[in-house]
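Chemist: So the chains spell out like this:
2 protein chains.
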Amino acid sequence: MKKFFITALTASLVFGTASAMKPVTISEQGSFMAGGKVITSAGVYNGVNDPKDFSGNTLHGDHAYVFYQIPVKAKKYSLVFLHGYGQSGKSWETTPDGRDGFQNIFLERGYKTFIVDQPRRGRAGQSTEPYTFPAKPDDQLWFNNFRMGQWPNFYDDVAFPRDEESLSQFFHQMTPSFPTEQKVIVDAMIAVFEKSGEGILITHSAGGGSGWMTAIQSDKVKGVIALEPGTFPFPKGELPAVEDTTSPFPAVAQEVSREEFMQLTKIPIVVYFGDNIPTGDKPVANWGFDNWRTRLNLARKWEAVMKKYGGEVEIVYLPDVGIRGNTHFLMADLNNIEVANVMERWLKSKNLDK
Amino acid sequence: MKKFFITALTASLVFGTASAMKPVTISEQGSFMAGGKVITSAGVYNGVNDPKDFSGNTLHGDHAYVFYQIPVKAKKYSLVFLHGYGQSGKSWETTPDGRDGFQNIFLERGYKTFIVDQPRRGRAGQSTEPYTFPAKPDDQLWFNNFRMGQWPNFYDDVAFPRDEESLSQFFHQMTPSFPTEQKVIVDAMIAVFEKSGEGILITHSAGGGSGWMTAIQSDKVKGVIALEPGTFPFPKGELPAVEDTTSPFPAVAQEVSREEFMQLTKIPIVVYFGDNIPTGDKPVANWGFDNWRTRLNLARKWEAVMKKYGGEVEIVYLPDVGIRGNTHFLMADLNNIEVANVMERWLKSKNLDK
Chain H
109 MKKFFITALT
119 ASLVFGTASA
129 MKPVTISEQG
139 SFMAGGKVIT
149 SAGVYNGVND
159 PKDFSGNTLH
169 GDHAYVFYQI
179 PVKAKKYSLV
189 FLHGYGQSGK
199 SWETTPDGRD
209 GFQNIFLERG
219 YKTFIVDQPR
229 RGRAGQSTEP
239 YTFPAKPDDQ
249 LWFNNFRMGQ
259 WPNFYDDVAF
269 PRDEESLSQF
279 FHQMTPSFPT
289 EQKVIVDAMI
299 AVFEKSGEGI
309 LITHSAGGGS
319 GWMTAIQSDK
329 VKGVIALEPG
339 TFPFPKGELP
349 AVEDTTSPFP
359 AVAQEVSREE
369 FMQLTKIPIV
379 VYFGDNIPTG
389 DKPVANWGFD
399 NWRTRLNLAR
409 KWEAVMKKYG
419 GEVEIVYLPD
429 VGIRGNTHFL
439 MADLNNIEVA
449 NVMERWLKSK
459 NLDK
Chain F
109 MKKFFITALT
119 ASLVFGTASA
129 MKPVTISEQG
139 SFMAGGKVIT
149 SAGVYNGVND
159 PKDFSGNTLH
169 GDHAYVFYQI
179 PVKAKKYSLV
189 FLHGYGQSGK
199 SWETTPDGRD
209 GFQNIFLERG
219 YKTFIVDQPR
229 RGRAGQSTEP
239 YTFPAKPDDQ
249 LWFNNFRMGQ
259 WPNFYDDVAF
269 PRDEESLSQF
279 FHQMTPSFPT
289 EQKVIVDAMI
299 AVFEKSGEGI
309 LITHSAGGGS
319 GWMTAIQSDK
329 VKGVIALEPG
339 TFPFPKGELP
349 AVEDTTSPFP
359 AVAQEVSREE
369 FMQLTKIPIV
379 VYFGDNIPTG
389 DKPVANWGFD
399 NWRTRLNLAR
409 KWEAVMKKYG
419 GEVEIVYLPD
429 VGIRGNTHFL
439 MADLNNIEVA
449 NVMERWLKSK
459 NLDK
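Those protein sequence lines, which keep their order, are chains H and F. Basically my numbering = 1-based index in the first sequence + 108. Basically my numbering = 1-based index in the second sequence + 108.
Take these hints with a grain of salt, some might be off.
Heads up, the list lumps identical chains together, so a pair's fine if it works in one copy or across two of them.
[What the hints assert, rightly or not] Each computed DSSO-like pair below joins lysine-lysine, with the alpha-carbon atoms no more than 30 Å apart:
id	residue 1	residue 2
1	Lys328	Lys184
2	Lys409	Lys160
3	Lys303	Lys244
4	Lys244	Lys291
These are computed hints drawn from the structure, not numbers from a lab.
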């Protein structure tokens, strides 16, 4: 492998943009597949004689793909990034308008980064179960649900670039989500942590649910930063009711055993939500807003249960700490460096930045 | 973006392997989507009011995904890597046994690298046409076709690692290939070169066919290195007959116009084939061998036509230059540094290493 010294910043040769960074040094980069399973077709293998006979053939699927970069003098803990629905590891790379994403921002600060494509997604496309992609146009659903605006209008204060090319890049980076049981993702993520070593799990959106279960099952997960997670785990018997919502995606809590739940109380956890999320117990007409109202409410209920059992958890609504305009894609918004800064301050406060 | 200085080599922290490299400096890394198109569903958009109404929604698909890294003091020309069938950009990254792939090897030598996932593949999964993945086990077909051996046995001299974990990594890195017209890939690749700037196109296997058409249509392609391409373009009226073969994949030439063909004669081209490819015009019983016998024959016929029209082309059977044991995956074999060395000598000989 190799060492990289990341130094002064230049304007991007490819995007023509510029940003400012401090010197950093990295020692190694590469990729690997983690976890997964093997299925075998019926019959006796005969492929040497007849290539059209697939009897006794195998398929290796359901693994995660990981691209990693390790700075020299790296901090102790790896940062392992798990994307959300309709996304791949691309979520954490260059932003739609060509700025540095969290991959580069945290590398520059001396963190080891492990960027995951979850099983059956992106470069981890091989699946042990069949699936169909209908090619059904739905970009506008996500534009609204991700709180960029109400199509075709952006919200006035939104921290997303307004030019056509950035929006095109964003829509193109979406990638099919095929049906995948949470256990398939969690098993692969546990295997990722066996390779990355002890680290912080950083999840986004639908990656949040798998993230909680990974943190429960892997002793390599030393902390969790969840960006607008889709759900939260509650101990059996303590699940809150599902709130009424104008969103097509009700916020449904996940049930875990008391023993599983208690594992989560043993590590520091922080959850961030962006801007434009209404408060209150009543559905609002803007379903893209309401989707996140119910999730922020669920987060507050989860925080209460976590704290009752001794959990070390914070729920941060970014406008409360002076960071405004964020969409659901906190890691790519125009102010993503500010978001990275609050994340890093939290890491420092928990002694996880060593 | 950022600068990397790649320096002395360390043992891999993740894989536990070691290799030796020279210092290199890199200035920028990131990713982008290139090309593609937008489809729109029928009807009038109403998603603000009804999220389940997908009328007038768009889908952005058929683009390529590219991850790039640019060394400081980089050579003039970009290296743009296009993978083959059942693969993604992962082909060029870490090898199945944890050594550096061409991504790292050429970065270390001062080349700008652009690693592509073709449309409807890997992180470029969004497609404007529906597709189905049958999850049909077929690993052994590829093991035989890629000349690793005749399953379950490796060839005695093969330059592929023998341990179970390496083979498992290799099979897991395969990823579904969905039906994609060549034009979709070529259009995206032309857009990739608009971002990468002038460069050398390095193709593998099924990427070869799209590669020739990209080189014909984009004036940014200043040379082509094709690793065991699946096909070759011939001018109308000069296509060779399809040879009989025991392989299920006959080597079929691609027809182009005389004008298109002449574009290819204007740039330097080299084609590499690995080891264990029989000669002659008669099919051999080992279909995995025979598949490549017909392709190497086709390459020789193409070389003759190219030279007739003034083309600057070399076909290199690696054992003829003392490099032995290579499978179809020249870039990942145990001797991949030797393969990189002959490629770089060719680049130098054509003044493409500046």
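Chemist: May I ask which of the numbered hints given earlier this structure violates, with the numbers listed in increasing order?
Modeler: none
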